[in-house]
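2 protein chains.
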Amino acid sequence: MGIRLDLTTCGITQGQRNTFTDNLNDALAKLDSGKEAFTGWVDVPGIVTSEEMNDIEKTAEEIRAKCDLFIAIGIGGSYLGAQSVMDALFAGDGENGPEVVFAGCNISGAYHKKLLEKMDGRDCCLCVISKSGTTTEPLAAFSILKEKMEEKYGDEAASRTYAITDKEKGRLREEADELGYKSFVVPDDIGGRYSVLSPVGLLPLAVAGVDIRALTKGAVDLMSDEAGKEAEVDYALTRVALSMSGKWIEVFEYFHPELHFFGEWLKQLFGESEGKEGKGIFPASLMFSRDLHSMGQFIQQGKPMLFETVIIIDERNDDLMIPESAGAPLAGKSIEQINDCAIKGVIAAHTKAGVPVIKVHVPVMDAYNMGQLIYFFETSCAISAYVMGVCPFDQPGVEAYKQEMRDEIARIDG
Amino acid sequence: MGIRLDLTTCGITQGQRNTFTDNLNDALAKLDSGKEAFTGWVDVPGIVTSEEMNDIEKTAEEIRAKCDLFIAIGIGGSYLGAQSVMDALFAGDGENGPEVVFAGCNISGAYHKKLLEKMDGRDCCLCVISKSGTTTEPLAAFSILKEKMEEKYGDEAASRTYAITDKEKGRLREEADELGYKSFVVPDDIGGRYSVLSPVGLLPLAVAGVDIRALTKGAVDLMSDEAGKEAEVDYALTRVALSMSGKWIEVFEYFHPELHFFGEWLKQLFGESEGKEGKGIFPASLMFSRDLHSMGQFIQQGKPMLFETVIIIDERNDDLMIPESAGAPLAGKSIEQINDCAIKGVIAAHTKAGVPVIKVHVPVMDAYNMGQLIYFFETSCAISAYVMGVCPFDQPGVEAYKQEMRDEIARIDG
Chain U
19 MGIRLDLTTC GITQGQRNTF TDNLNDALAK LDSGKEAFTG WVDVPGIVTS
69 EEMNDIEKTA EEIRAKCDLF IAIGIGGSYL GAQSVMDALF AGDGENGPEV
119 VFAGCNISGA YHKKLLEKMD GRDCCLCVIS KSGTTTEPLA AFSILKEKME
169 EKYGDEAASR TYAITDKEKG RLREEADELG YKSFVVPDDI GGRYSVLSPV
219 GLLPLAVAGV DIRALTKGAV DLMSDEAGKE AEVDYALTRV ALSMSGKWIE
269 VFEYFHPELH FFGEWLKQLF GESEGKEGKG IFPASLMFSR DLHSMGQFIQ
319 QGKPMLFETV IIIDERNDDL MIPESAGAPL AGKSIEQIND CAIKGVIAAH
369 TKAGVPVIKV HVPVMDAYNM GQLIYFFETS CAISAYVMGV CPFDQPGVEA
419 YKQEMRDEIA RIDG
Chain A
19 MGIRLDLTTC GITQGQRNTF TDNLNDALAK LDSGKEAFTG WVDVPGIVTS
69 EEMNDIEKTA EEIRAKCDLF IAIGIGGSYL GAQSVMDALF AGDGENGPEV
119 VFAGCNISGA YHKKLLEKMD GRDCCLCVIS KSGTTTEPLA AFSILKEKME
169 EKYGDEAASR TYAITDKEKG RLREEADELG YKSFVVPDDI GGRYSVLSPV
219 GLLPLAVAGV DIRALTKGAV DLMSDEAGKE AEVDYALTRV ALSMSGKWIE
269 VFEYFHPELH FFGEWLKQLF GESEGKEGKG IFPASLMFSR DLHSMGQFIQ
319 QGKPMLFETV IIIDERNDDL MIPESAGAPL AGKSIEQIND CAIKGVIAAH
369 TKAGVPVIKV HVPVMDAYNM GQLIYFFETS CAISAYVMGV CPFDQPGVEA
419 YKQEMRDEIA RIDG
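Protein sequences, first through last, are from chains U and A. My numbering runs 18 ahead of the 1-based position in the first sequence. My numbering runs 18 ahead of the 1-based position in the second sequence.
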């Protein structure tokens, strides 16, 4: 069992996908060569050694024993992956182990003020995740939260502080070594948005109680699955073909609200990997059925420039019966039975309107299948970016705002 | 003082906006005539009588006195408006009055199961918001939560149940009258996405502790402000001109995470009003600086098919100093000073890359200015839809999925 791609309503034929064979072969050769920069995520067992895995689990157990509030500081890839897996699995909400929250993913005074208040009367640990240690958002948050930790714990604060950073260089590495923070390594050959199966994602997830071995195993199994590779290729080429036919927007959709952050993770993965050199498919995400009552109208009848990728969880862990008072036809059915009807109804309605719909089925939402989903989308995304003719692993445009922001900060000082 | 539109970086000239004069005059005539269907929201003082306003406030006080968990059941316009205002003002989080949560905005078993668990040991009131009472999502949720209320309160449950529904007809009106729920009216001439300043939004907001008179006054003041009308027109025509120049996506952006749901509300407002007859600008929303580390790359260098509308809160209610440990240049500055630099830096970087940027300034985030924002966007949206040649107030495409879903539900019964 594993995730399953269904292209029956995607509007693109195998013949159309085959037109990209040359580009595809180049893309696959690059990915598999092991020589391209930032492809360290491709070989999943190579991401984390078995010693590191043991260390992550042991450290997570210690953290779980000594705190009820674990604050992970990070932005972009140092944040969205862990948040999305945690939410999808209902982990990290404080019901079963510490509550896991994120900081440094914005520059909001109100957000961090509320977080400081939350730290009062709670047993806290801090984890700062940054390759360089100099990214503005996490650096500002870390300095504020560190001060609070010192107030609360004095000299003990350092033993409650964890760092995930470069192996040997950079500001955060130096500080971790100097103050004795327990630390883990951000691999050199893996970029932020492909880092969730490295210590960057695994430590916070293990603290949240996620079975990180099952998560990893899901990815490993897909990696060595021929049918899986075929699905990754088909999805990638279908997307490229759709974009060339005027479908410039991909809407990721899900019918379970706990996948909200997985939608955000997908937006980063695809937007940052493909959106360069004037190219790319604009990624959006919608939570159904909620957003059928907002964006459903546009999808059905608006400017026909989008296609949909729907993530469908086939079997649900939680369900509820709808009582008699709802009357026919809802009474006596379960809420997830109705949700299933919404899924089928939406796909029928949208395909009849001519909107291409790609379906990704997940047999059941657990750590194993989440690992599969992550690896599936990472690999597909790398393939499609290469086929589009751009490098999937850089983000040269992000530097522009950072430089302008630094200039603005310098102006404060006059 | 009030909100302020800044078009200096929008890339469209007054001359370009003037080309729509004929369509614009038709649009304004329709809006002001008072004769078009579903334009009841245009005349703000006419939405709620002073008796209704008093009744809403009195009822909200009673609810605040008798519960610490207020569950509002609604979807689409019966939900997003109140949620967005509440979040923007940090209201309804249980710190100052009851916690206000929403239900029936999805068909998730897990979501509603968690909500049932949350109701244990809390003093609860229920409020169901539906014009007809037959929309699947709220109806299913209401029947489930009503059962729980009856378990908890027996015959008292009805006195803790509130309905906002049609004045005289429909399933929910009948039930409210029969069981004696205290009820309020969804106006006949206001559609869901324009209803936040009607009882639909005002009751939950008053329960959350929002100053609903200030909210309304913000809208009333903008309504009678000539410069305000001019700004609404300029924004509407700029958007239309941009879309005609190949900018098919509007990205709403904000630098304060509490505006997340306001972004969702904007997506519904514009997507559902304009997205029909093969037309419309695709609305997306991004939370900065978080999403600079995900979608920033695409905006800076991806397919150049988008423009940005940035909502800027000029003065912040909450701030924090960044401690010495952050080092230069952050130490000694406040986090919101840095946020300001991010705002300026992003706008500089994106405009240099040729992305049109529209700025909407809010002097400070409070109920009054939230009322202004709501009215500004509602009016602009109605104008732009009319200018594009579509009706801003219907949503004929939403029926398609509902019908397909009903067919699917019928199939369960065989």
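In case anyone wonders, no lab produced these hints; they're calculated from the structure. A quick note: this is a predicted structure, and the numbers were derived from the prediction, not measured. Hints may contain errors.
Any copy, or any two copies together, can satisfy a pair, since identical chains are not distinguished.
Said to hold, decoys possible - For lysine-lysine, the following DSS-like pairs were computed, each having C-alpha atoms within a straight-line distance of at most 27 Å:
| # | residue 1 | residue 2 |
| --- | --- | --- |
| 1 | K420 | K170 |
| 2 | K297 | K166 |
| 3 | K377 | K187 |
| 4 | K200 | K362 |
| 5 | K321 | K235 |
| 6 | K131 | K351 |
| 7 | K265 | K321 |
| 8 | K131 | K420 |
| 9 | K48 | K166 |
| 10 | K370 | K53 |
| 11 | K185 | K297 |
| 12 | K76 | K235 |
| 13 | K321 | K132 |
| 14 | K84 | K265 |
| 15 | K351 | K170 |
| 16 | K76 | K362 |
| 17 | K321 | K362 |
| 18 | K420 | K247 |
| 19 | K420 | K370 |
| 20 | K297 | K377 |
| 21 | K166 | K351 |
| 22 | K297 | K321 |
| 23 | K362 | K187 |
| 24 | K265 | K297 |
| 25 | K351 | K132 |
Comparing the hints with the structure gives:
1. K420 to K170: Close neither inside one copy (33 Å) nor across copies (54 Å); limit 27 Å.
2. K297 to K166: neither (45 Å within a copy, 52 Å between copies)
3. K377 to K187: neither (43 Å within a copy, 40 Å between copies)
4. K200 to K362: Intra 49 Å, inter 37 Å, cutoff 27 Å: neither.
5. K321 to K235: Close neither inside one copy (42 Å) nor across copies (36 Å); limit 27 Å.
6. K131 to K351: Between copies only: 15 Å across chains, 45 Å inside a chain, cut-off 27 Å.
7. K265 to K321: both (10 Å within a copy, 12 Å between copies)
8. K131 to K420: within (24 Å within a copy, 43 Å between copies)
9. K48 to K166: For K48 and K166, neither the intra-copy (47 Å) nor the inter-copy (58 Å) Cα distance is at most 27 Å.
10. K370 to K53: Neither. Shortest intra-copy (45 Å) and inter-copy (35 Å) distances fail the 27 Å Cα cut-off.
11. K185 to K297: neither (34 Å within a copy, 52 Å between copies)
12. K76 to K235: within (19 Å within a copy, 58 Å between copies)
13. K321 to K132: neither (41 Å within a copy, 38 Å between copies)
14. K84 to K265: So K84 and K265 fail the 27 Å test inside a copy (51 Å) and across (52 Å) alike.
15. K351 to K170: Between copies only: 23 Å across, 52 Å inside.
16. K76 to K362: neither (44 Å within a copy, 44 Å between copies)
17. K321 to K362: Answer is within; shortest intra-copy Cα gap is 23 Å, inter-copy 32 Å.
18. K420 to K247: neither (37 Å within a copy, 36 Å between copies)
19. K420 to K370: Classified as between: cross-chain Cα gap 14 Å, same-chain 45 Å, threshold 27 Å.
20. K297 to K377: both (24 Å within a copy, 26 Å between copies)
21. K166 to K351: between (51 Å within a copy, 17 Å between copies)
22. K297 to K321: This pair counts as both: shortest intra-copy Cα distance 20 Å, inter-copy 4 Å.
23. K362 to K187: Neither: 52 Å inside a copy, 31 Å across copies.
24. K265 to K297: Intra 13 Å, inter 14 Å, cutoff 27 Å: intra and inter.
25. K351 to K132: Between copies, since 19 Å is at most 27 Å while 41 Å is not.
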